[in-house]
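Novice: Sequence:
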Amino acid sequence: MVPFRKKDRPSDAGSSSEADLARLEELARTDEAFGQGLDGYNILLGDPSEHGEWADCPPRIGRSFAADGTEHEFSLLDNGAVVLYTPLSDTPYVVVGADMREFFALLLESNGSGVGALGYDLDEGVEELTEPEDELEPDELLVIELLRAEFGVTPWTDHRARLAELQSLLPGTSA
79 MVPFRKKDRP SDAGSSSEAD LARLEELART DEAFGQGLDG YNILLGDPSE HGEWADCPPR
139 IGRSFAADGT EHEFSLLDNG AVVLYTPLSD TPYVVVGADM REFFALLLES NGSGVGALGY
199 DLDEGVEELT EPEDELEPDE LLVIELLRAE FGVTPWTDHR ARLAELQSLL PGTSA
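In my numbering, the protein residues as written are 79 to 253.
Calculated directly from the structure, the hints in this document are not laboratory data.
C-beta: ideal position from N, C-alpha, C; glycine also.
A hint or two may mislead.
[As the list claims (entries may be wrong)] Quick list of the computed label-pair ranges, beta carbon to beta carbon:
1) D199 to G147: 15 to 21 angstroms
2) E202 to R107: 32 to 38 angstroms
3) P216 to E243: 30 to 36 angstroms
4) T208 to L248: 22 to 28 angstroms
5) E205 to R107: 33 to 39 angstroms
6) G124 to D201: 28 to 34 angstroms
7) C135 to T235: 19 to 25 angstroms
8) P216 to T148: 22 to 28 angstroms
9) L166 to D117: 19 to 25 angstroms
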């Protein structure tokens, strides 16, 4: 997969990410096995911000759409990028996809908690992402296969470089 770079991304990236998120939510609602698989894969759809702000932590940015079951949340920014929010980290915001499909491609290699590890130590998190997964459960395999089939995504190739590049998509940064 050759991910979009900021200058190459279509101007409607925000709307395409919204459409992809809506499709993911629809699949989770209409395909019970997929919905349960997402939960087992530590992608809990819904608005985690309903649980209130974390005490003494930076505020959420973007629109929260999922959590991993622990302290990590995933949000969609206005520019279509997906940000990992880890309120208890020194680096609470890490962009993990220029759009939803790039985020889905990252999920092919690790579940929500594995991606969440990037919020604490980017280098160690990348190492974990690139290590072979233990044997996956059938519901986890279903999630991976459906993401591939429905959204046409393939795994990332150079995690470290791509993650560094993606950080320019955070609000208040420049490309």
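Novice: It remains to establish, for every hint, whether it holds in the given structure.
Specialist: We went through each hint and held it up to the structure:
A beta carbon spacing of about 20 angstroms between D199 and G147 agrees with the range 15 to 21 angstroms that was offered as a hint. As the Cβ distance of E202 to R107 is approximately 35 angstroms, the hint placing it in 32 to 38 angstroms holds. Distance hint check: the CB atoms of P216 and E243 are about 35 angstroms apart, consistent with the given range 30 to 36 angstroms. Remark: the range hint 22 to 28 angstroms for T208 to L248 is upheld by a beta-carbon distance near 23 angstroms.
In this structure, E205 and R107 meet the distance hint of 33 to 39 angstroms, their C-beta atoms being roughly 35 angstroms apart. For G124 and D201, the hinted distance range of 28 to 34 angstroms is satisfied, since their beta carbons lie about 31 angstroms from each other. One distance hint, 19 to 25 angstroms for the beta-carbon pair C135 and T235, is violated here, with the actual separation near 33 angstroms. Between P216 and T148 the beta carbons are some 23 angstroms apart, a value that agrees with the proposed interval 22 to 28 angstroms.
Against the hinted window of 19 to 25 angstroms, the Cβ-Cβ separation of L166 and D117 comes to about 23 angstroms, which satisfies the hint.
Violated hint: 7 only; the structure is consistent with all others.
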